[in-house]
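Number of protein chains: 2
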Amino acid sequence: MTLRLSSPLDMHIHFRDEEMLKLVAPLTAKTFSGALIMPNLVPPITTKEALLSYIKRIKEATKEQADFEAFVTLFFQADYSYEFLEDIKDSIIGIKLYPAGVTTNSETGVSSMDINVLRPTLESMSKLGIPLCVHGETNGFVMDREKEFMPIYESIASAFPDLTIIMEHITTKAAVDLLDKYPNLYATITLQHLIITLDDVAGGMLKPHLFCKPIAKRPEDRDALLHLAISGHPKVMFGSDSAPHPKHKKEACGCAAGVFTAPIALQVLAQIFEDNNALDNLDKFISLNARKIYKFTPIEKTITLIKKDFSVPSSYDGFNQTVVPMFANESIPWSLK
Amino acid sequence: MTLRLSSPLDMHIHFRDEEMLKLVAPLTAKTFSGALIMPNLVPPITTKEALLSYIKRIKEATKEQADFEAFVTLFFQADYSYEFLEDIKDSIIGIKLYPAGVTTNSETGVSSMDINVLRPTLESMSKLGIPLCVHGETNGFVMDREKEFMPIYESIASAFPDLTIIMEHITTKAAVDLLDKYPNLYATITLQHLIITLDDVAGGMLKPHLFCKPIAKRPEDRDALLHLAISGHPKVMFGSDSAPHPKHKKEACGCAAGVFTAPIALQVLAQIFEDNNALDNLDKFISLNARKIYKFTPIEKTITLIKKDFSVPSSYDGFNQTVVPMFANESIPWSLK
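Protein chains in written order, with our numbering: chain A, 11 to 347; chain B, 11 to 347.
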């Protein structure tokens with residue numbers, strides 16, 4: 011059995027920088043036509059210089075894959091000037107907003123989600139047609155953080171009806187339920203949140219390689235996400251949030267949040283959609299919806315999967331980096347041709 | 011400021027065996043007058059020979075503390091004969107029931123919580139006046155396991171009104187709410203569940219040293235437990251569930267559930283009760299209630315605490331074992347005199 015995927019897109023991924031970038035960017039570039047790269051480097055990308063320089067480094071790291079395009083983002087600041095955003099607009103696909111302290115390298119994120127504080131930049135983005143990508147978590151109790159953020163999504167969506175807002179890596183039924191309430195709200199879902207719950211992270215033994223932010227939630231949340239993804243709903247896109255952390259950092263003390271899924275994402279998504287009799291909707295989730303939401307035409311690239319067991323390696327290594335993927339040392343039923 | 015504690019008791023602790031027993035048993039024997047030792051060794055204690063031999067090893071490990079008494083337990087099996095239990099009765103303080111697979115070394119626990127399956131042993135225990143200690147968790151979703159177990163407590167408590175039932179290491183408001191519904195239901199609470207929530211285990215980074223079973227729950231659960239403990243409620247006792255695991259096992263992959271609190275438990279409890287203006291009830295929680303529930307008079311022993319900072323060591327070491335305590339490398343405001 012063969013599956014032909016047309017220009018798959020990963021609309022939320024972390025490439026990081028330097029040696030890690032060199033290791034992981036080609037793994038995404040190999041199987042995806044395009045990917046939206048998050049800007050939470052250290053320091054985060056907030057200037058044109060930093061942005062152009064990062065684009066250059068990504069291009070260098072992926073130069074062997076001419077059929078891949080990296081879409082970069084800017085790190086949200088509440089006081090970007092209209093002129094700055096107008097100037098940078100054509101170099102970016104969106105701006106990523108992090109509340110301060112909610113995830114890896116988000117310390118310099120916004121310290122207030124008050125709409126009046128955010129207004130200057132949001133107003134300019136709305137006028138210029140720049141999409142807003144949001145890590146939607148409060149600093150509350152870990153299982154409630156995303157749900158508590160829903161009123162903030164509502165306030166932004168209603169105050170800026172022309173702004174395209176993407177609820178990134180949603181993990182709760184609350185976010186699924188909010189999606190259709192505002193025409194300008196969209197969402198990405200990761201691979202792992204279609205599969206795991208908190209049980210898999212901390213129900214048996216602690217599993218640092220399945221620990222990510224937002225943390226996996228309850229079974230009814232996972233089920234709502236899965237149902238949304240396989241339904242072909244036009245407002246939801248695949249965004250792996252694949253986040254490479256060095257093996258020693260993940261395992262030594264669990265001091266790194268993020269699941270590395272880039273090299274196995276398409277194969278496992280094929281399995282999930284097949285298991286749910288939804289293969290007809292896979293292209294929508296991994297490509298077609300994103301093109302419409304972000305209004306672009308990706309590079310034409312066909313990825314062929316075959317129904318053949320693939321033994322996921324224990325790690326991906328190179329450039330003095332070792333990263334452990336989801337399903338390490340396990341067998342998955344679809345392979346890249 | 012000085013605090014004199016009269017015969018403090020830890021009514022739920024794991025001493026394990028061999029070298030680990032030699033390291034940790036003296037730490038409890040030093041500051042407690044007595045402790046209830048759990049029987050989930052490998053293999054678990056299910057025979058008189060194993061029990062007497064374990065008592066001997068515990069005595070040997072604590073021989074320098076003549077003012078300490080270890081109360082041992084048997085590992086529940088559904089088919090213990092009345093004669094066996096009658097014979098062993100005076101050597102044990104209770105019998106510990108583990109549903110199979112819910113925690114460390116519980117693989118040989120009961121595979122069905124059906125009251126009719128458990129009846130033979132429970133009936134004999136009820137007649138002989140042997141208390142039942144229960145690890146009350148189902149195999150359900152990690153945040154629901156204890157709550158889902160409440161109907162099982164209810165069925166045992168109503169079917170055996172003369173049986174003393176201790177809900178061990180309760181972690182939820184649901185268990186707090188059940189406590190007063192049946193006169194024969196009692197509870198222990200650990201140190202960590204008075205302090206932490208899931209946020210502390212997985213809300214920031216993964217904290218393997220705060221990972222235990224049952225896992226810490228929501229803020230409202232922690233608040234209900236704290237309120238119960240400091241109230242002096244007569245049906246609740248301190249049971250640390252202090253569980254030593256070698257440092258490398260805790261940190262390498264989070265493959266060990268349990269928090270090691272034995273050497274700092276009394277000091278931190280003093281702080282908690284002081285912070286809540288409840289020092290008058292501390293003796294009830296750590297000694298008086300247990301004497302009444304288990305009907306025994308402990309060895310007289312006074313432990314004096316002084317209000318002086320204590321730097322908790324990074325680990326307790328000996329016998330080729332290294333165990334990391336809660337609050338390692340932190341300062342706590344009460345010290346042993």
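A few of these clues could be false.
Claimed, not checked - In silico lysine-lysine, PhoX-like type, Cα no more than 20 Å apart, as pairs: (1) B:Lys99 - B:Lys305; (2) A:Lys73 - A:Lys40; (3) A:Lys259 - B:Lys66; (4) B:Lys183 - B:Lys217; (5) A:Lys217 - B:Lys259; (6) A:Lys66 - A:Lys40; (7) B:Lys217 - A:Lys259; (8) A:Lys32 - A:Lys259; (9) A:Lys217 - B:Lys217; (10) B:Lys191 - B:Lys245; (11) B:Lys69 - B:Lys58.
It is worth saying that the hints were derived from the structure and are not from the lab.
Checked hints:
Distance restraint check for Lys99 of chain B and Lys305 of chain B: the Cα-Cα separation of roughly 14 Å lies within the 20 Å cut-off, and the hinted pair is therefore satisfied. For the given pair, Lys73 of chain A sits about 11 Å from Lys40 of chain A by alpha-carbon distance, which is consistent with the 20 Å threshold. Restraint check: the Cα-Cα separation between Lys259 of chain A and Lys66 of chain B comes to about 43 Å, which exceeds 20 Å; the hinted pair is violated. Straight-line distance between C-alpha atoms of Lys183 of chain B and Lys217 of chain B comes to about 23 Å, which puts the hinted pair past the 20 Å bound.
Taken as a hint, the Lys217 of chain A and Lys259 of chain B pair is honoured in the structure, with Cα atoms around 13 Å apart against an allowance of 20 Å. Simply put, Lys66 of chain A and Lys40 of chain A have alpha-carbon atoms about 18 Å apart, close enough for the 20 Å limit, and the pair holds. With a C-alpha separation of about 13 Å, the suggested pairing of Lys217 of chain B with Lys259 of chain A holds against the 20 Å cut-off. Using a Cα cut-off of 20 Å, the hinted pair Lys32 of chain A and Lys259 of chain A holds, with the two alpha carbons roughly 18 Å apart.
A distance of roughly 11 Å separates the Cα atoms of Lys217 of chain A and Lys217 of chain B; the hinted pair therefore holds under the 20 Å criterion. Using a Cα cut-off of 20 Å, the hinted pair Lys191 of chain B and Lys245 of chain B holds, with the two alpha carbons roughly 12 Å apart. Note on Lys69 of chain B and Lys58 of chain B: the hinted pairing holds, with a Cα-Cα distance of about 16 Å set against a maximum of 20 Å.
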